[in-house]
Structures are given as structure tokens and as C-alpha cells.
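Peer 1: Just so you know, the protein sequences line up as chains A and B, in that order.
Here the first sequence is numbered in my numbering, starting from 1 and rising by one per residue.
Here the second sequence is numbered in my numbering, starting from 223 and rising by one per residue.
Take these hints with a grain of salt, some might be off.
[As the list claims (entries may be wrong)] Computed list of lysine to aspartate or glutamate pairs in DMTMM-like fashion (alpha-carbon distance at most 20 Å, straight line):
id: 1; chain 1: B; residue 1: K384; chain 2: B; residue 2: E345
id: 2; chain 1: A; residue 1: K162; chain 2: A; residue 2: E151
id: 3; chain 1: B; residue 1: K384; chain 2: B; residue 2: E338
id: 4; chain 1: A; residue 1: K162; chain 2: A; residue 2: E116
id: 5; chain 1: A; residue 1: K162; chain 2: B; residue 2: E400
id: 6; chain 1: B; residue 1: K384; chain 2: A; residue 2: E178
The hints are simulated quantities; they were obtained by calculation from the structure and are not laboratory data.
There are 2 protein chains.
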Amino acid sequence: MRDAYHDDLDALTQSLIDMTHLVGGAVGRATQALLDADLALAEQVISGDKTIDSLYHSGEAQAFELLARQQPVAVDLRRVVASLRMLSDLERSGDLAVHVAELARRRYPASAIPAELQSTILEMGQMAQRITAKAGSVIASQDLDLAGEIERDDDVMDSLHKQLFRALLEDEWTGSIEEAVDITLCSRYFERLADHSVSVARRIVYLVTGQHRDREPLPTAL
Amino acid sequence: MRDAYHDDLDALTQSLIDMTHLVGGAVGRATQALLDADLALAEQVISGDKTIDSLYHSGEAQAFELLARQQPVAVDLRRVVASLRMLSDLERSGDLAVHVAELARRRYPASAIPAELQSTILEMGQMAQRITAKAGSVIASQDLDLAGEIERDDDVMDSLHKQLFRALLEDEWTGSIEEAVDITLCSRYFERLADHSVSVARRIVYLVTGQHRDREPLPTAL
Chain A
1 MRDAYHDDLD ALTQSLIDMT HLVGGAVGRA TQALLDADLA LAEQVISGDK
51 TIDSLYHSGE AQAFELLARQ QPVAVDLRRV VASLRMLSDL ERSGDLAVHV
101 AELARRRYPA SAIPAELQST ILEMGQMAQR ITAKAGSVIA SQDLDLAGEI
151 ERDDDVMDSL HKQLFRALLE DEWTGSIEEA VDITLCSRYF ERLADHSVSV
201 ARRIVYLVTG QHRDREPLPT AL
Chain B
223 MRDAYHDDLD ALTQSLIDMT HLVGGAVGRA TQALLDADLA LAEQVISGDK
273 TIDSLYHSGE AQAFELLARQ QPVAVDLRRV VASLRMLSDL ERSGDLAVHV
323 AELARRRYPA SAIPAELQST ILEMGQMAQR ITAKAGSVIA SQDLDLAGEI
373 ERDDDVMDSL HKQLFRALLE DEWTGSIEEA VDITLCSRYF ERLADHSVSV
423 ARRIVYLVTG QHRDREPLPT AL
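This is chain A alone, in the form it adopts within the complex:
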């Protein structure tokens, strides 16, 4: 009985890790779709979110069954409750990747991102993809050093977010209002993606140490 129980817990953890892989891939493709104005790739991200949502629903059902049948206590219960929260973070991360892809689709055949900002947006997209992958590794390894790295990556993301806004507000910037709106939203989506990985990392830190890192407020956007 005890073994089946830990198998179930491990299966739930594996669902979370699978979600980080799918989300990371979606973020990478959405970024590419945005920069290259690649409609097919954007559509792929949008339709692929169904798989992330179904992992979310099945993960929640797994957690519910665990609570109902096994009635875990102490650290095991903490693990299930933390998993419920991480499922939400990752489901929402999938939605944010979809929002990036929708920006690409809405502006097709143009690219939503003007040439002078493509490198910053690429950097943000890559960081969002990498930080999501690291969140998966932290779930798998419970590595606290890596969790700390996610906090530092998030600081870099916040700097990129601010840098982008500064570029928009410079006198030399000659783009349109439409571009400014799209870039603002896009930057916000990437910044939120990083926040969700931070939230996942903090849940794991709490599981391992009993210390609530998320009592510290997340750095606010802009």
C-alpha cells in the first residue's frame, strides 16, 4: 500500500515535470513564431495548449485521488498541496505561451516586433524557456542552488522588461502605437512566465526547508 502511494506521488511529480517540458517548448516556439511571423508555428502553439490543459486536469484528478484514498499527512500532504499550486502555475504558463503565439498570429504576415527590439524579445523568450526548464529540473531534483538560480534569472527578466519599456519611451523610438501595445503585452507575458517559474521554485524550497520564500513579495512588474 505504502509503495503504490509513493508511486502515485511520483506519477504526480512526473506530470508536473512533463508540463514544464511542454510549456518550455511552447514558449520557444511562440517566441520563434513572433520573431519570424511564422503563422503555422503560432497555430501549433495555440492548438498544443490542449495537451497542457489535459495534463493539468489529469494532474488535479491524480492529486484529488491521492488525498481521497491515501489521506497523506505531514510532508506527503505538503507535497500534494504544493503540486496543486504548481499545476496551476504551469497551466497558466501554457496560456501565456498561447498569448505570445496569438500576438504573432494577429500581426501576421508582419512581425509584431520591430527589428531594433528583436534581440531583446529573443533574449526574453529564451530566458522564459530556460527558466521553465529549470523549474522542471528543480521539481525533479529539489536542488536548492538551482532554485536560487531561478530567482536570479527572474531578476534578469525584470531588467529586460524594464529595458524594453525604456526603449519604447526613448525619443529616438519611432514605432507605432500598435507596436508599442504589442511589445508591452509581449514583455508582460514573458515577465509573468518567469514569475510562475519562481513560484514553482519557491514551493519546492518550502517543501525541502519548511521556509516560506514566497512570503517575500515577487518583484513587481515595471
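Chain B: place on chain A using the hints.
Peer 2: Frame of chain A, contents of chain B only:
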């Protein structure tokens, strides 16, 4: 024993309702601070978020204790799991009200919202406040008609969100890039506030009917 248990469940529900009151008030004040460039009011929203966060943490502890000590099953377990998710939605709603207040503070002593868009922003802010209050009523009453109303309110919010973007993109609009950035973010915050109330309402619908309304995707932003 059974009575103490239901008292605990009711206390958890009350925490959720208290959170909707605090969030609704914060949204109303943040909107006012934004429109009137009222720095003191903005600061009040920002510092007041501590109370919402502490209700979130104590609510999560209540839920955890319930699971650990009472080991609920079936509908009671569903209620606790739903409460965990609703706690997250409301905590995040508090953060969004803070973001609106931060916009007001950042642009003080100017108002971040130009005169021609003040009425639309007011309408969005009032809608966000009202839909949060309705989410509280749905938690308290489990009224499915009211839950349906929240879905329709969210459609109105999405229309307002789109209307604001259209206004920004019209040729006649002569505002600055900075204003466009602020309005984009502000509109996004209000739209997300409504989404979180929809998420709360759908959790209650699921509790009452066993039907998963949230398998339908939320209307996408913009």
C-alpha cells in the same frame, strides 16, 4: 467531531469571502487613485495588500490543517481543494489591484489616464470591483445564476478591453507612447481581475454541479 469539522470548513469559506471584500475595496481604491492621481490612496492599496496576503497564507494553513486532521472525502474534499485554488485566484487579484495602484504612483502627480479614456477605465475598474464582489456572493450563496452573471460580466470586460485598444490605435488618438504603455497594462490588469473572478465562479459551479465549466478556455485577452 463532525461539527468542529464543518465549522473549520465554514471558517475557510469565510476567509475566502473576506478576501473578496478586501480585493474589491482595493480595486475600487486603486481605480480612484489612478483616475485622480491620488498618491495617498495608491499607497494605501499597496500597503494594504499585506492583509490580503496574510489571509491567503492563513487560509492555506486552514486548508492544510483540515486535510491533515479531518481527512475529508468526496464533496468536502472537493470543497477544500477548490478553496486552495480560489485562495490563489484572490491573492493574485490583490496583486493586480496593487499593480493598478503602482501605475498611479509611478505617474504621480500626473494621471496615467488621459481625459478621453477616463470613463472607459472607470467602467473597467467598477466592473472589476463588482465582479469581485459577485465572486464573494457566489462563494457565500453557491448561486448558479449569479455565477452565470459573472461569465456575462467578463464578456463585457473583454469588450471594454478591446474598445480601449481600438481607441489607442485610432488615427485621432494623439497620446504618447508612455500613455499607450500604461493604458495597455492597466487594461490588462482589469481584464485579468475579471478572469480570476470567473475562475472562482467556475470552481463553485463545479462544486455544486460536478460539471467542469473551466474546461472551456477562458476568452483570450485582446
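Peer 1: Can you list which hints this structure breaks, lowest number first?
Peer 2: none
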